[in-house]
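If you read the protein sequences in the order shown, they are chains A and B. Using my numbering, you'd call the opening residue of the first sequence number 1 and step up by one each time. Using my numbering, you'd call the opening residue of the second sequence number 1 and step up by one each time.
Since the hints were made in silico from the structure, they are not lab data. In this text the structure is predicted, and so the values were computed from the model without any measurement. You may find that some hints are simply not true.
Straight-line distance between alpha carbons at most 20 Å, and here's what the computed SDA-like set of lysine to any residue pairs gives [stated by the list, open to error]:
(1) B:K59 x A:A53
(2) B:K59 x A:A109
(3) B:K176 x A:D25
(4) B:K74 x A:H111
(5) B:K59 x B:D9
(6) B:K59 x A:H111
(7) B:K74 x A:R56
(8) B:K59 x A:R56
(9) B:K74 x A:D37
(10) B:K176 x A:H111
(11) B:K176 x A:A109
(12) B:K176 x A:D31
(13) B:K74 x B:Q93
(14) B:K59 x A:S51
(15) B:K59 x A:W43
(16) B:K74 x A:A109
(17) B:K176 x A:R45
(18) B:K59 x B:A133
Now the stretches of chain B that chain A is said to cover, found in silico as 3 or more residues with beta-carbon under 8 Å [claimed, not checked]:
(19) 29-40
(20) 67-81
(21) 85-92
(22) 166-173
Calculated Cβ distances over 10 Å to all of chain A for the following chain B residues [as the list claims (entries may be wrong)]:
(23) D9
(24) A14
(25) E134
(26) P163
Beta carbons are placed, not taken as given, at the ideal position from N, Cα and C, and that holds for glycine.
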Amino acid sequence: MNAFAPNPDDKTPAGPGESEVIGPDLREVFDQSRPVDPSDSAWDRVHAAVSAAMPRRYPAGRLAGWAVAAGVLLAVGALILWPGRDTPPTPELTDDEPDSTAVVAVLPAAHDEDIDIHRIRPGGWKVAVGKSPIPDKIVWAERGDVKVASSTPDQIFGSEPRMGPVGQPPVIWADDSPIDKDK
Amino acid sequence: MPACPAATDAAVIARLARGDREGLDELFRRYRVVAFRVAYRLLGNEADALDAVQDGFVKVVRHVGRFRGRCTLKTWVLRVVSNAALDLGRQRQRRRSRLADAVRGRPTEYDPDLRPTELDRADLRGLVAQALAELPDAQRQTFVLHVEGGLSYREVAETLNVPIGTVMSRLFFARKRLQSILADRVCP
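Chain A with its partners taken away, still in its complex shape:
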């Protein structure tokens, strides 16, 4: 059997967990293919090159002279630049604009480096055409990982949280239709 072929009987959650992120098969391949450590002579060459690049230590008096000179230059620069320096206004949240992140915890799943912009059409609509950094679904938690401690009907519509049926993704949602107590 191919060690990497998907196993239809595998009930392991598809989502990432720190312990199984690599999996036993990949772990074995990585362990078996671990690179041979370079020879001592190769390391000696690297060590010599790094050693040669280490900054030299200067006498304390010489360092003090440089420090005084740098301090004078810094003070002059600050006097020249400081009064004319425009600092961008810091956005402030008012009572009318509540901080949405204070209510909803954000878990970013992609970074700038994960996004490849394929093209941007010149002129007209500046639409960036790219590829989704998340090409597949990520299962963050399985049904057994979620416990509903309590639920409260929505104050406006009176809707109540519900759980999807077994076999469906464990999404909790609310709608305004009455709950079927028999299900």
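Given the coordinates of chain A, work out where chain B should sit on it, guided by the hints.
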């Protein structure tokens, strides 16, 4: 809150900051192997990996004054070395492509149930290097830092300055991609 460096980290850093050769020896003794393995996985060959370790360690000793102790020394060293490896890899992209082509030409298969000889290991290293080379840089760096560098999710997140959720998603897709690639090439 990032973990504070151990006292021994502080001692090594202080020695490096003073230009002390014993500090350099300690840096090599502690981190050269893990740095080499991370660089090797990112570049696929020993010569380039050694160059990356050299470039990275030079940056470490020259800029050790910038280390603020917000992460461990190992995390910082691996960040510098892995970034150096990626930079080197981009510079030597053509060479890496030739390596991948050479590996691709071999009718190599790997049986995980057999005890591998060193030649088998070399072939397997080539296959893994080729598979890793097919990952985007960000995924490859994240995966290698976690698997070969032994960094936790949080440490990888600190190393790459990305949210932990990004680390998780990159690892998830890197693993799926590697399994898919290696499934075609590693078989009984």
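Now the hints, each set against the structure:
1. Straight-line distance between C-alpha atoms of K59 (chain B) and A53 (chain A) comes to about 9 Å, which keeps the hinted pair within the 20 Å bound.
2. With a CA separation close to 30 Å, the supplied pair K59 (chain B) and A109 (chain A) exceeds the 20 Å bound.
3. For the proposed pair K176 (chain B) and D25 (chain A), the alpha carbon gap of about 12 Å is at most 20 Å, so the pair holds.
4. Restraint check: the Cα-Cα separation between K74 (chain B) and H111 (chain A) comes to about 23 Å, which exceeds 20 Å; the hinted pair is violated.
5. About 17 Å separates the Cα atoms of K59 (chain B) and D9 (chain B), which keeps this hinted pair within 20 Å; it holds.
6. Taking the CA atoms of K59 (chain B) and H111 (chain A), the gap is about 25 Å. The hint is violated against a cut of 20 Å.
7. For the given pair, K74 (chain B) sits about 24 Å from R56 (chain A) by alpha-carbon distance, which is inconsistent with the 20 Å threshold.
8. This hinted pair checks out: K59 (chain B) and R56 (chain A) have alpha carbons roughly 14 Å apart, not beyond 20 Å.
9. Restraint check for K74 (chain B) and D37 (chain A): the C-alpha separation of about 19 Å stays at or below 20 Å, so the hint holds.
10. At most 20 Å may separate the alpha-carbon atoms for a hinted pair to count; K176 (chain B) and H111 (chain A) meet this at roughly 19 Å.
11. Among the hinted pairs, K176 (chain B) with A109 (chain A) is consistent with the structure: their alpha-carbon atoms are about 16 Å apart, no more than 20 Å.
12. Distance restraint check for K176 (chain B) and D31 (chain A): the Cα-Cα separation of roughly 18 Å lies within the 20 Å cut-off, and the hinted pair is therefore satisfied.
13. Simply put, K74 (chain B) and Q93 (chain B) have alpha-carbon atoms about 27 Å apart, too far for the 20 Å limit, and the pair is violated.
14. Restraint check for K59 (chain B) and S51 (chain A): the C-alpha separation of about 12 Å stays at or below 20 Å, so the hint holds.
15. The hinted pair formed by K59 (chain B) and W43 (chain A) meets the criterion: a straight-line CA distance of about 17 Å does not exceed 20 Å.
16. The hinted pair formed by K74 (chain B) and A109 (chain A) fails the criterion: a straight-line CA distance of about 25 Å is larger than 20 Å.
17. Restraint check for K176 (chain B) and R45 (chain A): not satisfied, since their Cα atoms lie roughly 38 Å apart, outside the 20 Å limit.
18. As the CA atoms of K59 (chain B) and A133 (chain B) are separated by approximately 25 Å, the hinted pair breaks the 20 Å bound.
19. Restraint check on the stretch 29-40 of chain B versus chain A: 5 residues with Cβ-Cβ distances below 8 Å, three needed, restraint holds.
20. Here's how the stretch 67-81 of chain B fares: 0 of its residues keep a CB closer than 8 Å to some CB of chain A, so the rule of at least three is not met and the hint is violated.
21. Three residues within the 8 Å Cβ limit are the bar, and the stretch 85-92 of chain B against chain A gives 0, so the coverage statement is violated.
22. Only residues whose beta carbon comes within less than 8 Å of a beta carbon in chain A count, and the stretch 166-173 of chain B has 7; three or more means the coverage holds.
23. Distance to chain A confirms D9 (chain B) as a non-interface residue, since its nearest Cβ pair spans about 18 Å, more than 10 Å.
24. For A14 (chain B), the condition that its CB be more than 10 Å from all CB atoms of chain A holds, with the nearest at approximately 13 Å.
25. Non-interface status of E134 (chain B) relative to chain A is upheld: no Cβ of that chain comes within 10 Å, the nearest being about 14 Å off.
26. In this structure P163 (chain B) is not separated from chain A by more than 10 Å, as the shortest Cβ-Cβ distance comes to only about 4 Å.
In summary, the numbered hints that this structure violates are 2, 4, 6, 7, 13, 16, 17, 18, 20, 21, 26.
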